[in-house]
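Listed here are the chains, written in short residue letters.
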Amino acid sequence: DGGITQSPKYLFRKEGQNVTLSCEQNLNHDAMYWYRQDPGQGLRLIYYSQIVNDFQKGDIAEGYSVSREKKESFPLTVTSAQKNPTAFYLCASSIYRGNQPQHFGDGTRLSIL
Amino acid sequence: GESVGLHLPTLSVQEGDNSIINCAYSNSASDYFIWYKQESGKGPQFIIDIRSNMDKRQGQRVTVLLNKTVKHLSLQIAATQPGDSAVYFCAEKGSQETSGSRLTFGEGTQLTVNP
Chain E
1 DGGITQSPKY LFRKEGQNVT LSCEQNLNHD AMYWYRQDPG QGLRLIYYSQ IVNDFQKGDI
61 AEGYSVSREK KESFPLTVTS AQKNPTAFYL CASSIYRGNQ PQHFGDGTRL SIL
Chain P
1 GESVGLHLPT LSVQEGDNSI INCAYSNSAS DYFIWYKQES GKGPQFIIDI RSNMDKRQGQ
61 RVTVLLNKTV KHLSLQIAAT QPGDSAVYFC AEKGSQETSG SRLTFGEGTQ LTVNP
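These protein sequence lines map, in sequence, to chains E and P.
Counting with the numbering used here, you get residues 1 to 113 for the letters of the first sequence.
Counting with the numbering used here, you get residues 1 to 115 for the letters of the second sequence.
Extracted from the complex, chain P is given alone in its bound form:
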C-alpha cells in the first residue's frame, strides 16, 4: 500500500549545528505534507506544512523542502537547540476525493541534540 517512511530512525547533532530530517513518500497523488514534533509523553505538535504546488517553505528556524520528482520531503532545523530534541514525524494527505482528511504518518526520527 501507500506509505510514508523515514530514512533514518535516529539523528544525533551538536548544539548549534543544522539538522536535516528526511522522509520518503510513495503516493504521487498526495497534495499536502506536514511535519510534527513529539516530545516524550505528549501529543504531536505541528511544526510546518507544505502544499504540493510548492517546493520550499520557511518558518522560524525551520525549512521544509519538497521534491515531487523523487517523492522526498525534508525538514531542516537551523542552529539546533537542546529543546529541539524530540521525535519528528512527517505526514502526508492524499486527495480529498480518495482520502478525505486522513493523514498517513511515517515512523518517526528521534533527534538528539548534544550540548
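Chain E on its own, in the form it takes in the complex:
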C-alpha cells in the first residue's frame, strides 16, 4: 500500500545527544514536511522540502536539521541545541503544485531520559 512510514514510533534522547527520526514515502510526492505537535496543540512546521536536494526552514527550525538526498526520504535530526525536544513529530508529503492535501505518517514520540 502507498503511504508514509515513520520510525521509530517511540524514541528516547539523552542530554547532549543528537537523534534522527526517519520518514519514508512511496507516494511519489515531491514535497515533504516535518511538524512538531505539543500536547493539546496544533501542528507547527519545522522544515519542508519541495524537491530533492533542497529544503527550507519552517516556523520553528532552530535545533533541528534535515536532508533530502532521495525523493522518498526526509530524515529529521533533533540536535542537542534543541532544549525542549519532547514532543510528537509528524512527517507529511504532498504533490507540490496544485491544491492537494498533505498525507501524514503516524508520528514519532520523542522523550528525554
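Some hints could be false.
To be verified - Only pairs whose alpha carbons sit at most 16 Å apart, straight line, appear in this in silico EDC-like list of lysine to aspartate or glutamate:
#1 P:Lys42 to P:Glu15
#2 E:Lys70 to E:Asp54
#3 P:Lys42 to E:Asp54
#4 P:Lys71 to P:Asp31
#5 P:Lys42 to E:Asp106
#6 E:Lys71 to E:Glu24
No wet-lab data here; the hints were simulated from the structure.
Chain E is already provided as a structure; the job is to place chain P on it using the hints.
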C-alpha cells in the same frame, strides 16, 4: 501574522446527533482548505477539502461549508458516532506563489461523542 483558528476547543455531543466544528481564518488569499481528523497517538487523517471557488462540498456523512465573506469554515458531521471522537483540525493553503505547498493549521477541536 496570518492564522487559522477554531472557535471551540472542545465539543461534546450525543451519539446520533449532528456535530458542527467551526474554524476562522484570516488570510483572504487562501485558496484551499482541508479538514483533518486526528485520533490519539496517530497522524492526522484527511477528511474532506474545499477550494475557494466553492461554498459547499459533501462527503460521506460530512459536509464542509466555506463562507469567504466572513472567512469562516465549518465541518458538519451527520449522525455522529463514537468512532468520530477525535481532534479535528482545519488547515488553509495560501496562493502557490506566496506559500507554495505549505499549510497553516488551526489549534484543533476535541470532539467527544457520548453513547
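To see whether the hints hold, each was checked on the structure:
{"no.": "1", "hint": "P:Lys42 to P:Glu15", "in the structure": "violated, 23 Å"}
{"no.": "2", "hint": "E:Lys70 to E:Asp54", "in the structure": "holds, 11 Å"}
{"no.": "3", "hint": "P:Lys42 to E:Asp54", "in the structure": "violated, 28 Å"}
{"no.": "4", "hint": "P:Lys71 to P:Asp31", "in the structure": "holds, 11 Å"}
{"no.": "5", "hint": "P:Lys42 to E:Asp106", "in the structure": "holds, 5 Å"}
{"no.": "6", "hint": "E:Lys71 to E:Glu24", "in the structure": "holds, 9 Å"}
The structure does not agree with the numbered hints 1 and 3 stated previously, though it agrees with the rest.
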